[in-house]
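Chain A is already provided as a structure; the job is to place chains B and C with the ligands on it using the hints.
Spelled out, the chains give:
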Amino acid sequence: MKPRIAFFDFACCEGCQLQVANLGEALLDVLKLVDVVEFREVMSEKWAGPLDIAVVEGSITTKEAVERIEKIRARSRILIAYGSCATIGGVNGMKNRSPLEEIRRTVYGEHAHTFPTIATRPVDQVVKVDYYVHGCPIWPPEFIEVLQAALQGVPCFPPDHAVCVECKLNENVCLYDKGVTCLGPVTRAGCNSWCTNNGNICYGCRGLVSNPNTKGAMDVLARYRIPLELVLNKMSMYNACREQGKTP
Amino acid sequence: MSKQKLPILESEYNIRPARILKVRQLTLTEKLYEIGFPNGESLNHDPGQFVEVSIFGVGEAPISLASSPTRRGSFDLCVRNVGKVTAALHQLKAGDSIGIRGPFGRGFPVQEFVGNDLLIVAGGIGLVPLRSLIHYVLDNRREFGKVTILLGCRTPQNILFSDEIETWSSRLDLSFSCTVDKADPEWKGNVGVIASLIPGITLSRHTYAVVVGPPVMYRYVIAELLLKKIPAHRIILSLERHMKCGLGKCGHCQINNLYCCQDGPVFRYEQLRDLEEAFPR
Amino acid sequence: MRYVTIPADKMADYITALARRQKVVAPVEKGKGQFAFEPISEGREATLTYIPTILPPKKFFMPQYETLLEYDLHEGQKMQAVVELEEMVLFGVHTCDLAGIACLNTVFSDRPKDLNYLIRKNKIVIIGLECVAYCDEYASCALMNNHLPNGGYDLFLTPLGDRYIGHVNTYIGDSLVEEGGFFRDATGADFAALEEVRRRKREVFHDEVPIDLDEIPRIFAHSLRTTIWKEIGDRCLSCGNCTNVCPTCYCFDIVDKPNLDLKSGRRIRVWDSCQNERFAKIAGGESFRKERSSRKRHRFFRKFRYPVDRFGKFFCTGCGRCSRTCMARINLKETLAQLAREYV
Ligand SMILES: Cc1cc2nc3c(=O)[nH]c(=O)nc-3n(C[C@H](O)[C@H](O)[C@H](O)COP(=O)(O)OP(=O)(O)OC[C@H]3O[C@@H](n4cnc5c(N)ncnc54)[C@H](O)[C@@H]3O)c2cc1C
Ligand code: SF4
Ligand code: SF4
Ligand code: SF4
Ligand code: SF4
Ligand code: SF4
Ligand code: FES
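Residue numbers (our numbering), protein chains in the order written: chain A, 1 to 248; chain B, 1 to 281; chain C, 1 to 344.
Because the hints were derived from the structure by calculation, they are not lab data. Beta carbons: idealized from backbone N, C-alpha and C, even for Gly. Any given hint could be a false lead.
What the hints assert, rightly or not - Pairs of lysine-lysine residues, derived as PhoX-like cross-links and limited to a Cα-Cα distance of at most 25 Å, are as follows:
hint	chain 1	residue 1	chain 2	residue 2
1	C	Lys59	B	Lys3
2	C	Lys313	C	Lys113
3	B	Lys5	C	Lys313
4	A	Lys63	A	Lys128
5	A	Lys2	B	Lys3
Said to hold, decoys possible - Output of the computed footprint for chain A on chain C, the stretches with three or more beta carbons under 8 Å from beta carbons of chain A:
hint	stretch
6	22 to 33
7	51 to 65
8	233 to 243
9	257 to 263
10	320 to 329
So here's chain A without its partners, still in its complex pose (with noise of 0.2 Å):
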């Protein structure tokens, strides 16, 4: 029998959901390995039994949430984040650990607090997460690397890296050298480097790298004369899930 797979959205856009629907070509020759049972943007069923992987989108803002995503938890084998809301906080959580975050706190020191953030949570401060696909929204190809491990039964991780090397990997004009800032060398890599090869700047939706320098990026920003308003503004951008829902 086929793994039963079924996708929930929690507090999001859905814009990863639309993602995964428009995979197109690449869905259909994924779907043949699995039976979706439940999947909102693309079908009306509803299954309330056992699942082999569940993959769930969005953060947990709400008592009932939590008791939605235990009872998800509960009957499903696998279960996959995927998007930066599920796998860190995405909108508010994503403040609390974004390197904007980290680069405001060295920089407003301990009047950081007075900058707001909501008691939202990434999935696996709510219930155990077995994979991550983080990004937003996510990068379809790597949502199909994490599905095909999950049904290989192995574990997968995210790079570690930064995505600036994916990005002189695919030969981009540094956007230091067009003198704009650029969050990429501190931003874990995973997406193909996808809008800084648009000429977009790397807003850092994936998040830190585990071992950024952060004191070493700040220099960086310092010796650019970057604003760090403008850094902040750009950012907040991002933080407008549902617009950045649509392809950067």
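Frame of chain A; chains B and C with the ligands shown alone:
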């Protein structure tokens, strides 16, 4: 001419198809595999060498040979489940196919050991490559002098090859001691780190010490061995590094100017003692 | 040994003629003073005065992503090692990059030989191009003795103002200059002009760092524990740019790319870097170059010390790419100068 793809028959990346003959669960996280080639060929490795084990669709991982080349027709691999390839291996059963590249690297200098005493120091999973040496020595027992084996493990549950260890400890031509970092109520043996076993043993001037264990172990064990006046060229170590190609190219396994995959994994302490990157602090 | 010339205003037409017959890659302007080697179909797309491209020509010899093997598990375990290749003319390679290709040749023909590289390299025709002036202040090609041609090409062009003089180095080079009747044999005046260019070049190109090249291995032998590594390590973001753009960095990772059916797929190699977090990390969690300082040190030792022991040559061409690309402004020339100062 546009883009072409040509087969290369002699590529170093070709794998030899092999089959799992037997699987045995040793501990919660380690399994022992007996592997054979379809035509019954032997691998013809040296004790201490390793192979790249390949599972298509998942990847490759360097794994030490755990059996002696004196055993013909098949070889053993002992695998701890820690990541992608090792997890995939742990799902496989007898009869399943895997791929093998190698053997790679320099093994233990067994010819040089002939006629000498051996002190074998194994920490945890370090016993795996040493098992190929121990089996080799036992199969050629007359060629070697006194053989002492010291084994250190985190807990009694982590002890690998416990059935074999029982036979080793009852053999009269072998001296065997074991210690655990943390005992349980049933444990009657030594408790403490492995380096603490060394001061208590007497060693002849003809002793080679062979040490394999986790990175943190080496400094302490080597310090004790040097106190016992074992010269640096007679202290033999096998080091683990991140490895990808096994061919001295990919750069992952480099220890200063040495490539662990080609110049090692077995080294003399003499080669390593001045290398900044050999032993982590 | 044959020398030929071509009028400067005919160069674009010549390149176009070449591109009609085969794939030609040449330096192309990417904006913001950046260049890249890219396929062209018309000579005017190429830029013949350029500073080192973002990625060096190594991307053709050792592509960023390269299939090593294909497998199919539908019936048993079928697999085949493969090499992906493409015939091409690499036009306009500076002497520093010729030196970079020579380094890669050394590595991949060292035993065990890398057939993927060696087979592919044989399909690439190289037309070199001399710099008559410095590309920019990051270059240290004169220090590394790579500012003048030193072989490794089929044809080598030196601009002489209104014309180029070409050194034909191989049979392939011979056939290159037959193309379309653009070239004629060089005369005494051309050789005199070449001499003059070289003489002027010797006036301009000097050791860019006050350091004796022969002293470098010794300086490095003494610099394992210097605080310079910590200093630059503290600034480094581990972005990996300096290694990815380096013509002599060749570290790689090997990964499997299963197809959607999970039954077939490819094993590929991808550029990797000693600056990346997981490069020297083993399954137990131990990383053998955890500190950024040790990674920076490793990069420099892979250029100036280890290859000298192993291959008898430096693995820095002086192209300056690493310094040019570093947003933390870690500068190779400065670091070398610092090391030299500390040594004396
Ligand atoms: C010469 C040599 C001999 C060896 N012999 C043996 C042997 O006999 N038996 C044996 O079992 N092993 C042996 N090893 C070790 C073995 O090679 C490794 O355990 C193996 O390569 C792991 O491969 P993998 O694909 O299973 O793990 P990978 O998937 O590559 O992962 C490796 C580890 O990295 C960690 N990791 C990776 N990414 C992340 C992330 N994002 N977050 C957190 N953790 C992460 C994982 O937790 C995992 O533990 C040997 C190694 C060498 C060099
Ligand atoms: S554009 Fe951004 S991601 Fe790309 S190399 Fe520059 S800093 Fe890195
Ligand atoms: S380039 Fe940066 S912002 Fe864009 S998808 Fe990748 S990580 Fe996210
Ligand atoms: S380019 Fe600069 S910041 Fe990036 S890894 Fe190299 S030295 Fe570090
Ligand atoms: S180290 Fe820097 S200057 Fe030297 S070859 Fe590499 S990129 Fe060029
Ligand atoms: S480094 Fe030297 S050889 Fe290379 S482009 Fe610059 S001037 Fe030319
Ligand atoms: S494993 Fe690739 S160089 Fe040693």
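Quiz item: Is the straight-line distance between the alpha-carbon of Lys59/C and that of Lys3/B 25 Å or less?
Solution: OK: Lys59/C and Lys3/B at ~15 Å, within 25 Å.
Quiz item: Does the structure keep Lys2/A and Lys3/B at a Cα separation of 25 Å or less?
Solution: Given that 25 Å is the threshold and the Cα spacing comes to 38 Å, the pair is violated.
Self-check item: Hinted pair Lys63/A and Lys128/A, Cα distance within 25 Å
Solution: 17 Å, holds
Practice problem: Establish whether the coverage given for the stretch 233 to 243 of chain C by chain A is satisfied; the threshold is a Cβ-Cβ distance below 8 Å, and no fewer than three residues must meet it. | Solution: Per the Cβ count (8), the hint holds.
Exercise. Mind taking a look at whether chain A covers the stretch 22 to 33 of chain C? Criterion is 3 or more residues with CB to CB distance under 8 Å.
Key: The restraint on the stretch 22 to 33 of chain C holds, since 4 of its residues have a Cβ under 8 Å from chain A and three suffice.
Quiz item: Does the structure keep Lys5/B and Lys313/C at a Cα separation of 25 Å or less?
Solution: Not satisfied, since the Cα-Cα distance of roughly 33 Å exceeds 25 Å.
Self-check item: Coverage assertion for the stretch 320 to 329 of chain C with respect to chain A, Cβ distance below 8 Å, three residues required
Solution: holds (count 4)
Practice problem: Please work out if Lys313/C and Lys113/C have their alpha carbons no farther apart than 25 Å. | Solution: 19 Å, holds
Practice problem: Please count how many residues of the stretch 51 to 65 of chain C have a CB within 8 Å of a CB from chain A and say whether that reaches 3. | Solution: Our answer is that it holds, as 5 residues pass the Cβ test (under 8 Å) against chain A, meeting three.
Practice problem: Go check the stretch 257 to 263 of chain C versus chain A for me, would you? Three or more residues, Cβ under 8 Å, otherwise it fails. | Solution: Coverage by chain A holds for the stretch 257 to 263 of chain C (4 residues, Cβ < 8 Å).
Of the numbered hints listed earlier, those contradicted by the structure are 3, 5.
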